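**Q** If you're matching them up, the sequences are chains A and B in order. Our numbering numbers the first residue of the first sequence as 1 and each following residue consecutively. Our numbering numbers the first residue of the second sequence as 1 and each following residue consecutively.
Simulated from the structure, these hints should not be mistaken for laboratory data. Treat the numbers as computed from the prediction; the structure is a model and nothing was measured. From the three backbone atoms N, C-alpha and C, an ideal C-beta is built for every residue, glycine too. Don't take each hint at face value.
[To be verified] Among the chain B residues that face chain A by a calculated CB cut under 8 Å, a handful are:
hint: 1; residue: F34
hint: 2; residue: P40
hint: 3; residue: F46
hint: 4; residue: Y50
hint: 5; residue: G59
hint: 6; residue: L82
hint: 7; residue: F90
hint: 8; residue: G107
hint: 9; residue: M112
hint: 10; residue: V113
hint: 11; residue: K114
hint: 12; residue: P115
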Amino acid sequence: DVKVTQSSRYLVKRTGEKVFLECVQDMDHENMFWYRQDPGLGLRLIYFSYDVKMKEKGDIPEGYSVSREKKERFSLILESASTNQTSMYLCASSLSPWREGQFFGPGTRLTVL
Amino acid sequence: AQSVAQPEDQVNVAEGNPLTVKCTYSVSGNPYLFWYVQYPNRGLQFLLKYITGDNLVKGSYGFEAEFNKSQTSFHLKKPSALVSDSALYFCAVRDGGNAGNMLTFGGGTRLMVKP
């Protein structure tokens with residue numbers, strides 16, 4: 001089974017802090033994604049990567065950056081956390097071309113105080 | 001642009017009754033359609049997909065979905081609901097004709113199955 005793991009299930013940070021969310025997948029998938037999930041808004045794509053060192057902006061990239069130095073790891077970075085970034089963050093991975101759907105991690109619930 | 005609508009925030013159904021969770025979509029090319037389920041404090045799990053072929057797609061846990069091109073719908077169904085089906089369900093679409101497009105998710109529908 002594909003396994004996508006995220007470094008933390010719950011995280012509490014203060015406004016202005018730099019925050020790192022880590023995601024690792026073990027199935028050699030080319031594509032990796034970061035979403036945020038908010039009630040009533042569904043999932044919104046922040047960034048995705050289709051190869052090592054490659055990244056593309058999603059629908060809501062403002063305030064975020066990403067890093068993919070190794071194929072299995074995709075990091076989401078909040079350079080200066082703000083309260084409106086309090087959310088559930090979901091990482092996903094997929095094969096390319098991805099007709100099989102995406103495989104999701106358990107999520108990180110981030111609270112910014 | 002592609003979009004997905006899940007018109008119901010919540011669906012309530014009694015255990016043993018059939019359930020339907022609605023989804024309509026909009027894409028310019030051929031749709032790739034997906035249903036995901038999210039149990040409390042968990043990530044999303046893939047349920048089923050439609051890429052091409054038979055309009056009735058069967059997936060995990062006894063769920064199925066019917067692709068209707070004329071109505072641009074992909075409703076999720078199950079003949080007999082279980083209390084354990086209570087969860088948040090997401091429909092997603094991708095324009096299969098555009099390699100650069102990502103999945104677009106609906107807002108989610110909470111399914112509550114009462115004993």
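**Q** Are the hints correct? Go through all of them and say.
**A** For each hint, the structure was consulted:
1. F34: holds, 5 Å
2. P40: violated, 11 Å
3. F46: For B/F46, the interface hint holds, since the closest Cβ of chain A sits about 4 Å away, which is under 8 Å.
4. Y50: Cβ of B/Y50 sits 10 Å from chain A, so the hint is violated.
5. G59: With a minimum Cβ separation of about 10 Å from chain A (threshold 8 Å), the hint on B/G59 is violated.
6. L82: violated, 22 Å
7. F90: It holds, given that the least Cβ distance between B/F90 and chain A is near 6 Å, below 8 Å.
8. G107: Holds - the Cβ of B/G107 comes within 8 Å of chain A, reaching about 4 Å at its closest.
9. M112: With a minimum Cβ separation of about 16 Å from chain A (threshold 8 Å), the hint on B/M112 is violated.
10. V113: Cβ of B/V113 sits 20 Å from chain A, so the hint is violated.
11. K114: violated, 22 Å
12. P115: violated, 26 Å
In summary, the numbered hints that this structure violates are 2, 4, 5, 6, 9, 10, 11, 12.
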